[in-house]
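**Student:** Okay, here's what each chain looks like letter by letter:
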Amino acid sequence: MGKTIAQKIFDRHLVNKPFGDEINVLRLDAVFCHEITTPIAINDLVSRGKDRVFDPTKIKAVIDHVTPAKDSKTAEQGKILRDWARRNNIKDFFDIGRNGVCHAIFPEKGFVRPGYTVIMGDSHTCTHGAFGAFAAGVGSTDLEVGILKGVCTFKEPKTIKIVLNGKLQEGVYSKDLILFIIKELTVNGATNMVMEFTGPVIDAMSMESRMTLCNMAIEAGGTCGVCYPDMVTVDYLWPFIKNDFASKEAALKEYSQWVSDADAEYHEVREYDVTKLEPMVTYGNKPDQVKTVREMEGAPVDQIYIGSCTNGRIEDLRIAAAVLKGNKISDNVRGIVSPATPAIFSQALAEGLIAIFQDAGFCVTNPTCGACLGMSNGVLANGEVCASTTNRNFTGRMGKGGTVHLMSPATAAATAITGKITNSPLFKK
Amino acid sequence: MKNFKGKVLFLDRSDINTDEIIPAKYLTESSKEALKPFLLEDLELAGFNPRTDIKGKAVIVTRANFGCGSSREHAPWALEVNGINVVLAENFARIFRQNMYNCGMMAIELPKEQIDMLFKKYSGKDCEIEVDLAKSIITVAAGSDKDQLQVKIADFDKCLVEAGGWVEYADKNY
Ligand code: SF4
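Keeping their order, the protein sequence lines are chains A and B.
Just so we're aligned, residue 1 is where the first sequence starts under the working numbering, counting upward by one.
Just so we're aligned, residue 430 is where the second sequence starts under the working numbering, counting upward by one.
Hints are supplied without guarantee of correctness; some may be wrong.
[To be verified] Computed cross-link-like contacts, EDC-like style, restricted to lysine to aspartate or glutamate with a CA-CA straight-line distance of at most 16 Å:
no., chain 1, residue 1, chain 2, residue 2
1, A, K50, B, D600
2, A, K79, B, E458
3, B, K454, A, E22
4, A, K155, B, D471
5, A, K50, B, E597
6, B, K454, A, D71
7, A, K73, B, E458
8, A, K70, B, E458
9, B, K587, A, D44
10, A, K400, B, E473
11, B, K431, B, D561
12, B, K581, A, E22
13, A, K400, B, D471
14, B, K461, A, D44
Everything labelled a hint here was simulated from the structure, so no lab data went into it.
Start from the sequences, fold in the hints, and give me the full structure.
**Tutor:** What follows is the structure, encoded as structure tokens:
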């Protein structure tokens, strides 16, 4: 019997199985940290007299959720992370001016490689599986042990394979696709499972789009989303690995060990032809409450938010700007765009995208999570509605009493112009 | 070891997420105790009032996929500082479940039929539940009604509960 990519990664990283097949203790290649869930772990380590890290080169840290600090408490959280990074010689620490949303900046810096094990005190760590890695969100205690010992426990991974055939229509994106998949699986459908995305639709996708897809695996309960590494992966990573390999082909050959065997055992295999898939949007307050934009068209909104670890990358800003170019947003809405990293911001500036957003009437913020979790930079008032490119529509997620509709950057931009949920002109019905 | 015995809070809904258990705006608190007044503040459940319904409870019984969403360990902490160390459900979101055991608390899975039975027979009553970790037995009682349920608690999970959490265990073993 063959193995899945997740099983292969587990085999390579297994430290031991202290209770038989019940649990695997895995060695970690990377431990990512941000200022919301790490300070508590740091404080606990300090109070135990264990203010150490297992390997400062394998720990990467960023202040991203609330930056610049909005009050004394968030300033304190930033300070704890900053001081800890300095004391422990963590060189890859990103503070304001160089910081961006964790799941955008860490891949951009080349910190994730095929075959890696990655944890972070953040549920959307599943994003990094787009590189053919096993990457999982954990709580502060797992994070603390990860920082101290470089290990973490996981049950044997079961995998749902999702084969995506056909070709996405113009104006339909990986965000629409993952909303459709979550609707199919439900919010509990992939609990404790790895979600493996394969097929011609994935082969044709950029790394950015694959990250959007894997980012939302957790919304179906998935432990990690995974795409097989291919030439797209190698091209993305090339600036970081070019000294390690004689050629891109050699890199691809090495990385090709991180694909599932043809006779691997799956918990479930689902196959979809997505050629007819339309732009999708959520209603209600669970990410599996999904309809086509067509069905939801005309529903009024108060705010548009384009950003986050789901859809705040350059590709997303290009798509939104293509819709907004030459248009003004409705007088009834306010628009906020947060490029996810400084590099994305600079690129958007160089390409004239920032000017398009501003001319349309958008506010452009610095890279941060901010409004995505209702912490800063665009919190909703009671009863308000936001059209958002983020990943969670839980009640109160972007502010107490607020409602969130999740959608692609194209739909969000079109919705900004009309003030009502609207299909983008890029999608020709 | 923590206390695993006491009055029961029945939450009759699936997919209760960690944002509902403790909203993101409280994640800037740096002590567990500060989370106490905000537990389940945003829970969407008809008839539930966090200000009156949580006090004095030690066990939660709920439906499927409890604790989905964010990885925040603030969710188990908010339960813990309110004296709730056990949740019984059909299943749990992976990260939430691991966080519970990592804190020396228990997230116990029961078959749907047993959860249905608990709601039918005991919700609305002055019900008490006790977990016997060594025997893996849950005792449910209200007035003259009483049930004993055999449950599965993995050896690793037991070990974390006994050790007081994953940091203690890992520090000894890795
Ligand atoms: S952008 Fe939103 S979902 Fe992503 S890491 Fe930040 S808060 Fe979490």
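**Student:** Give a verdict on every hint.
**Tutor:** Hint check results:
Using a Cα cut-off of 16 Å, the hinted pair A/K50 and B/D600 holds, with the two alpha carbons roughly 10 Å apart. Between A/K79 and B/E458, the direct Cα distance comes to roughly 14 Å. Compliance with the 16 Å bound is thereby established for this hinted pair. Restraint check for B/K454 and A/E22: not satisfied, since their Cα atoms lie roughly 36 Å apart, outside the 16 Å limit. Our distance criterion of 16 Å between C-alpha atoms is broken by A/K155 and B/D471, whose separation comes to about 31 Å.
The suggested pairing of A/K50 with B/E597 holds, with an alpha-carbon distance near 12 Å, which does not exceed 16 Å. Our distance criterion of 16 Å between C-alpha atoms is met by B/K454 and A/D71, whose separation comes to about 12 Å. Only pairs whose Cα atoms come within 16 Å are accepted, and A/K73 paired with B/E458 is accepted, the gap being roughly 7 Å. About 14 Å separates the Cα atoms of A/K70 and B/E458, which keeps this hinted pair within 16 Å; it holds.
Annotation: proposed proximity of B/K587 to A/D44 is violated, straight-line Cα distance about 23 Å (limit 16 Å). For the hint linking A/K400 to B/E473, the alpha-carbon distance of about 12 Å falls within 16 Å, and the restraint holds. For the suggested pair B/K431 and B/D561, the alpha carbons sit about 12 Å apart, so the restraint of at most 16 Å is met. At roughly 12 Å between alpha-carbon atoms, B/K581 and A/E22 fall within 16 Å of each other, so this suggested pair holds.
Restraint check: the Cα-Cα separation between A/K400 and B/D471 comes to about 8 Å, which is no more than 16 Å; the hinted pair holds. At most 16 Å may separate the alpha-carbon atoms for a hinted pair to count; B/K461 and A/D44 meet this at roughly 12 Å.
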